[in-house]
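Residue numbers (my numbering): 1 to 188.
It is worth saying that the hints were derived from the structure and are not from the lab.
Some clues are possibly wrong.
Straight-line distance between alpha carbons at most 16 Å, and here's what the computed EDC-like set of lysine to aspartate or glutamate pairs gives [as the list claims (entries may be wrong)]: (1) Lys87 <-> Asp140; (2) Lys87 <-> Asp11; (3) Lys168 <-> Glu139; (4) Lys87 <-> Asp169; (5) Lys87 <-> Asp127; (6) Lys87 <-> Asp9; (7) Lys168 <-> Asp11.
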Amino acid sequence: STSQCSIIDCDNIGDTSGLTIVNVTGKESYQLYAGGIVGYANAPLTMENCSNSMPYLYDAEVSNNGCYYGIIAGVTHCSANLTTTIKSCRNSGDIAIKAKKSINRLAVSGFVGYLDSSNAITITAQDITNSGDITSGGEDAGFNCDILYIAGILGKMDSNTATSYNFKDVVNLGDISVINTIVTYDIE
1 STSQCSIIDC DNIGDTSGLT IVNVTGKESY QLYAGGIVGY ANAPLTMENC SNSMPYLYDA
61 EVSNNGCYYG IIAGVTHCSA NLTTTIKSCR NSGDIAIKAK KSINRLAVSG FVGYLDSSNA
121 ITITAQDITN SGDITSGGED AGFNCDILYI AGILGKMDSN TATSYNFKDV VNLGDISVIN
181 TIVTYDIE
């Protein structure tokens with residue numbers, strides 16, 4: 001059987017007068033997930049009536065295979081016919097990435113940074129609003145990133161098979177910007 005991860009009526013509230021600085025370090029050969037509510041879920045995920053108003057500055061000092069940021073940084077489905085559902089959720093916290101080393105792949109968004117599945121899945125998003133600004137880039141000019149995914153709601157979704165998308169009343173009001181970055185292969 002497959003476990004289900006449910007997060008209901010969760011609010012991440014903090015000082016909105018400035019960015020909360022999160023220093024991100026780790027082994028360079030690993031993937032990194034940092035989230036305002038969920039860092040990483042390896043199961044079907046349901047999130048309802050949740051909000052984040054905490055602004056984050058992720059001060060990344062790692063150079064690795066992938067860095068993923070968002071209110072939900074990463075979700076992986078290993079089984080077929082699973083559903084990720086996000087309903088009636090809000091993000092008003094700004095998310096900023098300041099990378100100090102080159103990164104192979106960077107995905108950042110107001111809600112889900114990266115969603116991965118090797119099987120058929122269903123993604124349902126309903127009544128979702130991101131009003132936080134999303135900024136990604138290097139600490140200095142010339143930061144190298146092979147692949148960059150940046151968005152207000154979903155940064156990157158990988159699936160090897162058919163995927164069903166059900167989006168209704170999904171809105172991004174935040175600004176999206178990339179600074180001090182040289183993208184080697186692709187930006188989406």
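Against the structure, the hints come out as follows:
1. Restraint check: the Cα-Cα separation between Lys87 and Asp140 comes to about 38 Å, which exceeds 16 Å; the hinted pair is violated.
2. Distance check on the hinted pair: Lys87 and Asp11 sit about 14 Å apart at the alpha-carbon level, within 16 Å; holds.
3. At roughly 36 Å between alpha-carbon atoms, Lys168 and Glu139 are farther apart than 16 Å, so this suggested pair is violated.
4. Between Lys87 and Asp169 the alpha-carbon distance is near 10 Å, which keeps this suggested pair within the 16 Å criterion.
5. Of the supplied pair hints, the one linking Lys87 and Asp127 holds, its CA atoms being roughly 6 Å apart against a limit of 16 Å.
6. A threshold of 16 Å between alpha carbons decides the hint, and for Lys87 with Asp9 the separation of about 11 Å falls inside it, so the pair holds.
7. Between Lys168 and Asp11 the CA atoms are separated by roughly 22 Å; this puts the pair beyond 16 Å, and the hint is violated.
Hint compliance for this structure: hints 1, 3 and 7 are not met, and every other hint is.
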